[in-house]
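Chain S: place on chain G using the hints.
The lines below spell out each chain.
Protein chains: 2
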Amino acid sequence: MTDIPKNHPRYESLMAREKIVSGVERGLTSRQGLTAQGRGEAFDYLLGEKTIPSAYHAETVAVCLLLLAEKPVISVNGNAAALVPKELVKLAELTGSVLEVNLFHRTPERVSKIVAELKKYGASCVLGENAEPLLNLDHERAKVERNGIFSADVVFVPLEDGDRCKALAEMEKLVVTVDLNPLSRTAQTAHVSIVDNLTRAIQNMIDLVPDLVLLSESELWDFVEQYDNKMILADALEEMKEHLTEKQNELMGIESPKEPTPEEIEEMEKRAEKRKNLMMRGADLMME
Amino acid sequence: MTDIPKNHPRYESLMAREKIVSGVERGLTSRQGLTAQGRGEAFDYLLGEKTIPSAYHAETVAVCLLLLAEKPVISVNGNAAALVPKELVKLAELTGSVLEVNLFHRTPERVSKIVAELKKYGASCVLGENAEPLLNLDHERAKVERNGIFSADVVFVPLEDGDRCKALAEMEKLVVTVDLNPLSRTAQTAHVSIVDNLTRAIQNMIDLVPDLVLLSESELWDFVEQYDNKMILADALEEMKEHLTEKQNELMGIESPKEPTPEEIEEMEKRAEKRKNLMMRGADLMME
Numbered sequence: 151m152t153d154i155p156k157n158h159p160r161y162e163s164l165m166a167r168e169k170i171v172s173g174v175e176r177g178l179t180s181r182q183g184l185t186a187q188g189r190g191e192a193f194d195y196l197l198g199e200k201t202i203p204s205a206y207h208a209e210t211v212a213v214c215l216l217l218l219a220e221k222p223v224i225s226v227n228g229n230a231a232a233l234v235p236k237e238l239v240k241l242a243e244l245t246g247s248v249l250e251v252n253l254f255h256r257t258p259e260r261v262s263k264i265v266a267e268l269k270k271y272g273a274s275c276v277l278g279e280n281a282e283p284l285l286n287l288d289h290e291r292a293k294v295e296r297n298g299i300f301s302a303d304v305v306f307v308p309l310e311d312g313d314r315c316k317a318l319a320e321m322e323k324l325v326v327t328v329d330l331n332p333l334s335r336t337a338q339t340a341h342v343s344i345v346d347n348l349t350r351a352i353q354n355m356i357d358l359v360p361d362l363v364l365l366s367e368s369e370l371w372d373f374v375e376q377y378d379n380k381m382i383l384a385d386a387l388e389e390m391k392e393h394l395t396e397k398q399n400e401l402m403g404i405e406s407p408k409e410p411t412p413e414e415i416e417e418m419e420k421r422a423e424k425r426k427n428l429m430m431r432g433a434d435l436m437m438e
Numbered sequence: 151m152t153d154i155p156k157n158h159p160r161y162e163s164l165m166a167r168e169k170i171v172s173g174v175e176r177g178l179t180s181r182q183g184l185t186a187q188g189r190g191e192a193f194d195y196l197l198g199e200k201t202i203p204s205a206y207h208a209e210t211v212a213v214c215l216l217l218l219a220e221k222p223v224i225s226v227n228g229n230a231a232a233l234v235p236k237e238l239v240k241l242a243e244l245t246g247s248v249l250e251v252n253l254f255h256r257t258p259e260r261v262s263k264i265v266a267e268l269k270k271y272g273a274s275c276v277l278g279e280n281a282e283p284l285l286n287l288d289h290e291r292a293k294v295e296r297n298g299i300f301s302a303d304v305v306f307v308p309l310e311d312g313d314r315c316k317a318l319a320e321m322e323k324l325v326v327t328v329d330l331n332p333l334s335r336t337a338q339t340a341h342v343s344i345v346d347n348l349t350r351a352i353q354n355m356i357d358l359v360p361d362l363v364l365l366s367e368s369e370l371w372d373f374v375e376q377y378d379n380k381m382i383l384a385d386a387l388e389e390m391k392e393h394l395t396e397k398q399n400e401l402m403g404i405e406s407p408k409e410p411t412p413e414e415i416e417e418m419e420k421r422a423e424k425r426k427n428l429m430m431r432g433a434d435l436m437m438e
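Taken in sequence, the protein lines are chains G and S.
Numbered by our numbering, the letters in the first sequence go through residues 151 to 438 in order.
Numbered by our numbering, the letters in the second sequence go through residues 151 to 438 in order.
Chain G on its own, in the form it takes in the complex (with noise of 0.2 angstroms):
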């Protein structure tokens, strides 16, 4: 891997381009996983490359869920094999959630290299290598495993394609993304849309367990229960819009932008308190 000094002010965005540089020469990631990775690196630096207050919310709702499944299952992809596979491995450990290797361009060489790779950071057991065409999409496109996927009533596909994460939605399944561009098909599709960096979010959803694991199953549901993906997905779109406006009053030499008007205050006023409902509990938690 190229070096770069750690106080580098994008150390932690060249580093995951590095680890998918890295994913691709061992033959765990598709050179598509780059391109990825790239539409990822701008969304991210629309974001502040920082987790947004309605993402950490939905990180919460996440594991809410993997911890209220019967069975959940996570899937890996060639670019989250890359970036955090150590962390993948935790978090199934964490949520007593199985692991497959569920990949766009599929090769048998690639899920086994993967496969491989999460085994040696301490995963028991990785589906993936017997998947067969189960989904309603044309045939490479179409495999999952029989008693991973197939029959999880709650997956966790971060990285996932729009027409399969689709798919999945479709299916009797709760359907968890993580996809920093809010308007992919994907954070569209799934039912809970995590628009943040991979690496953050499941960093933040390991730290998230040993609060949320102590509450009863009727707790975790309220945490569902008043969860609003639309709402989510208009907040990310509201702090890229914030993030820009910033720049553009840099760029234009603007010190302080330009006093609210009654409407706008009204406006702000609003997504403050929606805001906050949707916070309060997790913020309470985290207080605790």
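Don't take each hint at face value.
One copy or two, either will do: identical chains are not told apart, so a pair holds if it fits within one copy or between any two.
[Claimed, not checked] The calculated DSBU-like cross-link candidates involving lysine-lysine, where the alpha carbons are at most 35 angstroms apart (straight line), are:
1) 263 - 316
2) 420 - 270
3) 156 - 316
4) 200 - 316
None of these hints come from the bench; they were simulated from the model.
Relative to chain G, chain S alone:
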């Protein structure tokens, strides 16, 4: 190349991606070029995958500068060579510019392959194989040809790295770039930053030549003098924000945006006026 149906809603974008993958396979493009393409895709998506009026204006000024220059040079990197080799040769021919292969991840093999690729499309002379470390940068990044980019008065460097764009702008050169990220250091340090997809930008520039070539030098200079790069960048950010708002409204099921406030109307009129001034000459020209 993967077979993509022509009626696919994102045909152009997918074809461009395939061209970059093919460029990597043929040794023209670096792997990092795939990530860069992905970043571009994200920003292009935010622009609605179309040439916005301010970008068209920047393209007009770019062609004026190439026509006015004593020694215009068009720099070609691995992504540009994969995406628009024929068009680069055509633009060089129409504007009397010199072509120079100029790589961030430079290897002699890649330089030679790109030289050969451009010659395949009819270029009679392509510089780059005799580059020396002449820029104020570390050794490999500093390489340009003494009779090419080093002595140019106008350089067209689409998809350039931030440091290298800055090094060129600090020399006595007018620097024109194409960059879909209006916030990149490249876009912010070049004199003319075309915020557009390279494939669209280069075609627009080729189409502009026959009209602009008929103008006098002083008419061409008028275009250049009226040009404000900061305004062009701010306008691109504005377009992205408008696009995000549109998508946000779609998501939330809001049919039409709320009535603008008087302040917003005033702001919109100011922007329209500024745009009108800038576009007037271009529009006149197009109507002829």
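Tested hints:
1. 263 - 316: within (27 angstroms within a copy, 42 angstroms between copies)
2. 420 - 270: Neither: 49 angstroms inside a chain and 61 angstroms across chains, both beyond 35 angstroms.
3. 156 - 316: between (39 angstroms within a copy, 23 angstroms between copies)
4. 200 - 316: both (27 angstroms within a copy, 27 angstroms between copies)
Of the numbered hints stated above, the single one contradicted by the structure is hint 2.
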